[in-house]
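For the record, the sequence lines run as chains A and B.
Under this note's numbering, the letters of the first sequence match residues 1 to 197, in that order.
Under this note's numbering, the letters of the second sequence match residues 1001 to 1273, in that order.
In case anyone wonders, no lab produced these hints; they're calculated from the structure.
Just so we're clear, the structure is a prediction, and the values are computed from it rather than from any experiment.
Just so you know, even glycine gets a beta-carbon here, dropped at the ideal spot from N, CA and C.
Treat the hints with caution; some may be incorrect.
[As the list claims (entries may be wrong)] Cross-link-like lysine-lysine pairs, in silico, DSS-like; alpha carbons within 25 Å at most:
hint : chain 1 : residue 1 : chain 2 : residue 2
1    : B       : Lys1184   : A       : Lys103
2    : A       : Lys7      : B       : Lys1088
3    : B       : Lys1184   : A       : Lys104
4    : B       : Lys1088   : A       : Lys134
[As the list claims (entries may be wrong)] Coverage of chain A stretches by chain B, computed from C-beta distances (three or more under 8 Å per stretch; other residues unrestricted):
hint : stretch
5    : 18-32
6    : 44-51
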Amino acid sequence: MEIAIIKYNAGNIQSVQYALQRVGYNAIVTDNHNVIKNADKVIFPGVGNAYSAMQSLKENRLDDVIKQLTQPVLGICVGMQLLCKHSEENNATGLGIIDLAVKKFVSEERHFKIPHIGWNNIYNVSSALFDGVKEDSFVYYVHSYYVEHGIETIATTDYIFPYSAVIQKNNFYGVQFHTEKSAEIGDRILLNFLKMK
Amino acid sequence: MKSDSTSNNFQCLPLGRFRGCRLTKRIIPCLDIKDGRTVKGINFENIRDAGDPVELAKFYSQQGADELVFLDITATIEKRKTLVDLVKKLASNINIPFTIGGGITSIENVSELLQHGADKVSVNTAAYKRPELITEIADDFGSQCVVVAIDAKREKDGEWYVYLNGGRTKTESNAIKWARDAVKRGAGEILLTSINHDGTKNGFALEIISLLTAALPVPVIASGGAGRMNHFKEVFQKAHADAALAASIFHYKEIEIPALKKYLKENNINVRI
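Make a model of the complete structure from these sequences and hints.
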């Protein structure tokens, strides 16, 4: 199985490659259009700023490549957010594959610290992506922006209010938490993704 | 400073009711690293090589640690490469987040560590001396990966002062003011070690942790003073710490993480089990 991790200027991409190695798969980190198009699975990671991440995709004309992919694609964190239409982070326009908006966490209440950092749980999980993953399993989050809840939501997390932990449309999956840092649950979700057809 | 009453009266409700506050409290073992090896005194019979940080990291992640912090106390320029090699090994062996601290003075240091798999960096003296460093890291990599570590000591005048260079150098700065400033500049978390409490095993510094959790909009990691399980309960329930860090009590198995988490859960503290 050929797994491509999209290489662009968006932070800690290496972690995803390491996570795949831990579960027994090698992946290619690449910005080569043909390699990405021909891969069996594509992983689209990202940490940091959505706007600059999107700029970096455009500079390498990866935005069009991603939109046209037909194999399973997994966006992680900022990668997930960029699958959406728009982000409040520097007013970034996303790829628009999934018709949801990315918003900044706002809370009047002191006990809700922002960024949302740490282990929180996912519920209403409904997808083969969660085979062997129980309701209320803990996953690791680090983010200040979230994808709103919508019909594409296939797992929910609550922080201040319910938001999209995981979204899906056709072959595109997006996870807000870090599968590569979510202990056994993260490994399980990565492995399930690799089984997608 | 008056602490916020809403914040202080806040308690998480049990699962299944209000879901809004289910973010767990984190337990973070801290390992000191010198020349790529863990520093003396760590004694685990079931680990092949207790000097190997990767073995220990795996052990702690299997035990249910929520994150790990590695403080490099070598931090000389020649040895930086050893640290980067260690980061790579850690990233390819453990599946929980980890922070690297010690001797980070430039955005280049940070970039190298993050590129090789570290999730966050912790900055202390260098950030105090040149606070722009915090903003530089936050701008390039996001606030979520900048932990500002503050070593603070309560002096006879009742004030908490910032100390530098591993607690050796006193400054005239107030620790809470510095923490606020660090957050304004882009710190995503504050790691507060009380010099008065560190090593005493008499409990965390509830006073300054309470002040910080009430004053800051970012998570606060409490460090220094853990000796018994109820100290963790106190720092979470009374001082509202978001995470608690400890070293020797975990290394010497005085407290084991599974038992600690079970205890915290029984005391209605939301933890990942």
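Do the hints match the structure? See the list:
1. B/Lys1184 x A/Lys103: holds, 21 Å
2. A/Lys7 x B/Lys1088: holds, 18 Å
3. B/Lys1184 x A/Lys104: holds, 17 Å
4. B/Lys1088 x A/Lys134: violated, 31 Å
5. 18-32: Result for this restraint: holds, n = 4.
6. 44-51: holds (count 3)
Consistency note: the structure conflicts with earlier hint 4 alone.
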